[in-house]
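Trainee: What follows is each chain in one-letter form.
There are 2 protein chains.
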Amino acid sequence: MNINLFLSPESLDDFYFQDKNCVVIDSLRATSVICTALANGAKEVIPVATFEYAMKISAGIMSGQNLLGGERNTKKIDGFHVGNSPSEYTPETVSGKSIILFTSNGTKAIVKAKFSKDLVICSYLNLKAIANYLLEKKEDFEIVCSAKGGALNMEDTVCAGRLISKILEKEKDCTLNDGATAACALDREFGGNVHKMFRESDHGKILTENGFQDDLEICAQIDALEVVPVFTSGSIKLLNN
Amino acid sequence: MNINLFLSPESLDDFYFQDKNCVVIDSLRATSVICTALANGAKEVIPVATFEYAMKISAGIMSGQNLLGGERNTKKIDGFHVGNSPSEYTPETVSGKSIILFTSNGTKAIVKAKFSKDLVICSYLNLKAIANYLLEKKEDFEIVCSAKGGALNMEDTVCAGRLISKILEKEKDCTLNDGATAACALDREFGGNVHKMFRESDHGKILTENGFQDDLEICAQIDALEVVPVFTSGSIKLLNN
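Line by line, the protein sequences give chains A and B.
When you line the first sequence up against the numbering used here, it's residues 396 to 636, in that order.
When you line the second sequence up against the numbering used here, it's residues 396 to 636, in that order.
Derived by calculation from the structure, the hints in this document are not laboratory data.
Where hints are given, some of them may not hold.
Since copy identity is lost for identical chains, a pair holds within one copy or between any two.
Said to hold, decoys possible - With a cut-off of at most 30 angstroms between alpha-carbon atoms, the simulated DSS-like pairs for lysine-lysine come out as follows:
no.: 1; residue 1: K591; residue 2: K532
no.: 2; residue 1: K567; residue 2: K471
no.: 3; residue 1: K600; residue 2: K512
no.: 4; residue 1: K543; residue 2: K512
no.: 5; residue 1: K438; residue 2: K567
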């Protein structure tokens, strides 16, 4: 099994993903939000790469049946129903709804990987469920983290390292690219205390400064949700739903 | 002192570097070549980002006084005088010459960072010299590795980690971004045997397949050269030359 990790989707071509299996991670916070929303009964999450497109498709879905969610500079966007904190996506708020989600990095990474043969959404919340899904599938896959501007973001790289390590426990014959090898080493070094790793990460510090410190705790709940969110035909739904 | 590491220059804006100090690393092989050429008496190295520009400026410099060097897909380009192996840049070949260098990643990274206040070239060959230069300077700096397509390349990240660790030995009060923190951890894990790390890296494997295994050994000679190559006004020269 070949496992390739990319730290950021920005420089990749959309067509890179064609015929490939892909896992997108934005553990702080978009993919944690998507897992939470679907676990709490949302009908689907529609990830969008631009604010303008969010507004456009929101107008096309009957009001009352959709929610606009997301953030700019970590904060809820004026006029949106919900921001980018998992705690906002309660069963009362999301049950039966189509959620149009626009975030700074995570939803852009998903949209970039839209041509994948199979595209699943991973966070610490559903790590075991995704690992089991990939182990059952037994095919090569790509992992895309949600850093930007050539940076490495610790929270996604370490999360990816944990996912890969879980695969390697069961599937010995894997070939990793440099990024995947590095992610496993970073998981060994920093993944023992995920909440601490989040707090000390660049983005974790920004979230804390902006009052979202509770989100770090929520997003660090390893394997809290048994969900496999799959992107098909423009929206993310639970597997087999 | 703030130390920020970026794994790739691709998604960064040229103007990001304005008024910043920058270190570019492409240990396999462009920055190792630049250090070797200057240590062996080259007058200057002119890094270029495109093949066309290499041809254009080559025509503008009197023949006999310049050399065209570089690679495409690891191999010497037809019509160029030298490829991208440090062993080609002997005193006999380079002494007194202006070398126009075009490589797939390294020279592009240098050109991307061209607006830096101070831009120096680092490889394992001159790691100590660059560490001492930065320690004397005592200013914030950025490190740009030469990965592409959202990837992490092990050889530059681990080299950067070694550079940062050397700084941290003397300068305790440093703030690292996620990438710099990760690089130090990867140096601890993989930096003990640089030649082995090179051989097992994605790019090291490609170089070996293409017959350049000797370059891995040469580029792994830690602190073999006491040079500080500085980019000023479009060309790289030794400090104080």
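Trainee: Give me the numbers of the hints this structure contradicts, sorted from smallest to largest.
Mentor: Violated: hints 1, 2, 5.
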